[in-house]
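2 protein chains.
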Amino acid sequence: MTNALYGEMLTKIEAQISHLDFPESPKNLYDPIRYIMSLGGKRVRPVLALMGCQLYGAPYSKALPQAMAIELFHNFTLMHDDVMDSADVRRALPTVHIKWNHNIALLSGDAMMVMAYRHLFNCETSISQSLGGLFSKTAIEVCEGQQLDMDYAIQADVTIEQYLEMIRLKTAVLLSGSLKIGAVVGGADPKKLDLIDQFAEAVGLAFQVKDDFLDAFGGEEFGKATGGDIIEGKRTWLTLKSLAVADAKTRVELMEAFDVKEPTERVSRVLAIYKRLRIDELAEAEVKKYSMQAKEALDQIQGEARAKEALEWLVDQLIGRRT
Amino acid sequence: MTNALYGEMLTKIEAQISHLDFPESPKNLYDPIRYIMSLGGKRVRPVLALMGCQLYGAPYSKALPQAMAIELFHNFTLMHDDVMDSADVRRALPTVHIKWNHNIALLSGDAMMVMAYRHLFNCETSISQSLGGLFSKTAIEVCEGQQLDMDYAIQADVTIEQYLEMIRLKTAVLLSGSLKIGAVVGGADPKKLDLIDQFAEAVGLAFQVKDDFLDAFGGEEFGKATGGDIIEGKRTWLTLKSLAVADAKTRVELMEAFDVKEPTERVSRVLAIYKRLRIDELAEAEVKKYSMQAKEALDQIQGEARAKEALEWLVDQLIGRRT
Numbered sequence: 001m002t003n004a005l006y007g008e009m010l011t012k013i014e015a016q017i018s019h020l021d022f023p024e025s026p027k028n029l030y031d032p033i034r035y036i037m038s039l040g041g042k043r044v045r046p047v048l049a050l051m052g053c054q055l056y057g058a059p060y061s062k063a064l065p066q067a068m069a070i071e072l073f074h075n076f077t078l079m080h081d082d083v084m085d086s087a088d089v090r091r092a093l094p095t096v097h098i099k100w101n102h103n104i105a106l107l108s109g110d111a112m113m114v115m116a117y118r119h120l121f122n123c124e125t126s127i128s129q130s131l132g133g134l135f136s137k138t139a140i141e142v143c144e145g146q147q148l149d150m151d152y153a154i155q156a157d158v159t160i161e162q163y164l165e166m167i168r169l170k171t172a173v174l175l176s177g178s179l180k181i182g183a184v185v186g187g188a189d190p191k192k193l194d195l196i197d198q199f200a201e202a203v204g205l206a207f208q209v210k211d212d213f214l215d216a217f218g219g220e221e222f223g224k225a226t227g228g229d230i231i232e233g234k235r236t237w238l239t240l241k242s243l244a245v246a247d248a249k250t251r252v253e254l255m256e257a258f259d260v261k262e263p264t265e266r267v268s269r270v271l272a273i274y275k276r277l278r279i280d281e282l283a284e285a286e287v288k289k290y291s292m293q294a295k296e297a298l299d300q301i302q303g304e305a306r307a308k309e310a311l312e313w314l315v316d317q318l319i320g321r322r323t
Numbered sequence: 001m002t003n004a005l006y007g008e009m010l011t012k013i014e015a016q017i018s019h020l021d022f023p024e025s026p027k028n029l030y031d032p033i034r035y036i037m038s039l040g041g042k043r044v045r046p047v048l049a050l051m052g053c054q055l056y057g058a059p060y061s062k063a064l065p066q067a068m069a070i071e072l073f074h075n076f077t078l079m080h081d082d083v084m085d086s087a088d089v090r091r092a093l094p095t096v097h098i099k100w101n102h103n104i105a106l107l108s109g110d111a112m113m114v115m116a117y118r119h120l121f122n123c124e125t126s127i128s129q130s131l132g133g134l135f136s137k138t139a140i141e142v143c144e145g146q147q148l149d150m151d152y153a154i155q156a157d158v159t160i161e162q163y164l165e166m167i168r169l170k171t172a173v174l175l176s177g178s179l180k181i182g183a184v185v186g187g188a189d190p191k192k193l194d195l196i197d198q199f200a201e202a203v204g205l206a207f208q209v210k211d212d213f214l215d216a217f218g219g220e221e222f223g224k225a226t227g228g229d230i231i232e233g234k235r236t237w238l239t240l241k242s243l244a245v246a247d248a249k250t251r252v253e254l255m256e257a258f259d260v261k262e263p264t265e266r267v268s269r270v271l272a273i274y275k276r277l278r279i280d281e282l283a284e285a286e287v288k289k290y291s292m293q294a295k296e297a298l299d300q301i302q303g304e305a306r307a308k309e310a311l312e313w314l315v316d317q318l319i320g321r322r323t
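These protein sequence lines are chains A and B, in that order.
To convert, note that position 160 of the first sequence is 160 in the working numbering; the numbers rise steadily by one, no gaps.
To convert, note that position 164 of the second sequence is 164 in the working numbering; the numbers rise steadily by one, no gaps.
Simulated from the structure, these hints should not be mistaken for laboratory data.
All figures in this text were calculated on a predicted structure; none of them were measured in a lab.
Incorrect hints may have been included.
Note that the list lumps identical chains together, so a pair holds whenever it fits in one copy or between two copies.
In silico lysine-lysine, PhoX-like type, Cα no more than 25 angstroms apart, as pairs [as the list claims (entries may be wrong)]:
1) K275 to K234
2) K137 to K27
3) K27 to K234
4) K275 to K289
5) K234 to K288
6) K42 to K99
7) K62 to K137
Please take these sequences and the hints and turn them into a complete structure.
And the structure:
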């Protein structure tokens with residue numbers, strides 16, 4: 001079942017993306033931007049901007065330029081993150097630094113960020129400074145989150161609090177920023193957006209813990225590939241929670257399980273320990289906790305009814321009703 | 001002999017840079033920014049922003065936040081260009097990707113660009129949109145210039161017009177943008193900045209041709225290292241002009257001279273051909289042409305006297321009185 005307003009917004013956003021007007025030359029600067037923007041996706045962030053706008057009573061189409069700014073920024077982060085992570089594939093197609101080269105991915109990404117700001121400023125003069133401030137604060141926090149992610153990948157001891165703060169910066173603040181930017185376009189007072197922050201950051205955290213959970217346990221129910229994170233040796237909420245709740249002997253056992261060479265064997269041994277520690281249940285409880293926080297914040301927001309309903313529906317899609 | 005106003009502005013800018021307030025954490029994100037900003041330099045671009053402001057009758061200190069925005073942006077381009085050019089050294093010290101690593105240079109550069117925008121918006125609300133637009137247009141053109149520079153490095157046939165357009169984008173527009181941003185802070189109408197454009201772009205082109213000239217011929221007069229561009233096999237205004245004016249036989253001779261393995265021999269053979277073609281005289285005439293264009297544009301700008309005088313002085317420093 002889909003939500004009519006979400007569907008309508010998504011159609012508008014795809015149309016707007018396909019009409020983005022990039023110069024023809026230099027081809028090596030603009031072709032990669034056209035390419036990555038055409039790869040598709042759920043377009044959650046630009047949709048959130050439109051919802052934020054309608055939530056405050058303005059027609060959502062008023063925030064289309066800012067929705068483009070946010071989607072350009074998001075894809076800029078993907079282009080640069082793929083370089084940093086040496087990722088070869090995105091949405092089943094070669095990443096920009098593979099299809100072109102590293103320098104082109106670097107420079108096209110830079111240009112995308114500037115283009116994001118250009119779209120952002122397509123607004124009433126009176127709000128351009130607020131939008132610039134909100135957008136920049138969000139962008140710098142996303143950079144901080146990515147740096148922490150790289151730092152933690154080679155750091156021996158990472159606490160679950162550090163992991164959640166990294167996720168908040170890397171993922172949640174952009175969801176929140178998207179809604180807030182839309183809200184300001186819609187007429188909200190930029191100083192009164194705390195509830196939106198609480199709502200969107202809770203959604204972001206719930207989404208990430210759920211994502212970690214599904215990567216490990218989702219396969220059983222949905223036939224999804226199971227254990228990708230375990231195979232990559234990636235520390236997730238599940239790993240960090242296990243290390244936090246396990247006794248010394250089990251901690252050693254978990255480390256040893258992660259060191260098993262054969263992937264299938266590694267996954268089954270790690271999952272067995274997770275289950276013994278009831279990490280699956282703890283993860284579901286954590287998702288539920290954040291979902292409740294998100295719902296409570298949303299309930300307090302006095303907003304346009306259809307937009308609120310669409311937001312609730314979107315949260316269910318992102319986090320899942322069952323938890 | 002120095003200019004008092006320039007000296008005063010430079011002192012203010014250095015003080016402002018040393019007071020830039022970067023967060024402590026993540027260290028790997030902010031330490032490289034502190035590092036590259038502390039490497040020094042002539043700070044021509046932020047000084048131009050202050051001069052632009054005073055030119056329109058406002059106290060130059062009003063444009064200090066925008067001067068910081070421009071210097072942060074300029075250093076962001078240096079950080080990323082050093083990655084793209086695999087440059088190991090900047091101002092006799094290791095570049096960021098050498099001192100840290102490529103990923104850190106990439107991400108710190110991204111963060112610097114966002115910080116540049118944050119400083120830019122530290123202005124009256126009524127001009128934030130104009131500043132954002134001017135700054136973004138400048139930034140995207142600098143990206144285009146860098147892309148053309150990379151494209152031309154591996155392209156067999158580059159015309160002198162293409163080279164000059166690349167230089168205009170890569171260098172001249174940021175000089176122009178700096179002055180214009182300062183001018184808008186000082187109260188100029190953003191739509192009436194054509195003369196500043198003409199002035200600053202002519203200065204940028206004169207500066208680059210002069211720089212190419214000095215690299216080849218400067219050594220004789222100033223004891224500077226001679227022929228670095230020739231040793232690197234870099235195409236400059238001198239090379240392209242030679243190819244444009246030479247007959248077929250001399251063109252072949254020039255290509256052969258560039259293919260000589262031994263560096264000293266290569267430099268002396270290329271220089272001999274340049275001189276035979278009187279490329280040194282043509283370069284000096286070209287610099288003179290742009291200098292005149294710059295002077296004519298500046299003469300037409302109705303601006304505050306001390307700022308105009310300081311600008312004239314700065315142009316002399318950049319391009320040199322002798323030409």
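Against the structure, the hints come out as follows:
For the identical chains of this complex, K275 and K234 are intra-copy neighbours only, at 18 angstroms inside a copy versus 63 angstroms across copies, given an alpha-carbon limit of 25 angstroms. For the identical chains of this complex, K137 and K27 are inter-copy neighbours only, at 18 angstroms across copies versus 31 angstroms inside a copy, given an alpha-carbon limit of 25 angstroms. In this assembly of identical chains, the alpha carbons of K27 and K234 lie at most 25 angstroms apart only when taken from different copies (23 angstroms versus 37 angstroms within one copy). Taking the shortest Cα distances, K275 and K289 sit within 25 angstroms of each other inside one copy (20 angstroms), while across copies they are farther apart (78 angstroms).
Taking CA atoms no more than 25 angstroms apart as the test, K234 paired with K288 passes inside one copy only; the shortest distance there is 23 angstroms, against 61 angstroms between copies. Only within a single protomer do K42 and K99 lie at most 25 angstroms apart by alpha-carbon distance; the minimum there is 23 angstroms, versus 39 angstroms between protomers. Proximity of K62 and K137 under a CA criterion of 25 angstroms is satisfied in both settings, with 22 angstroms inside one chain copy and 23 angstroms between copies.
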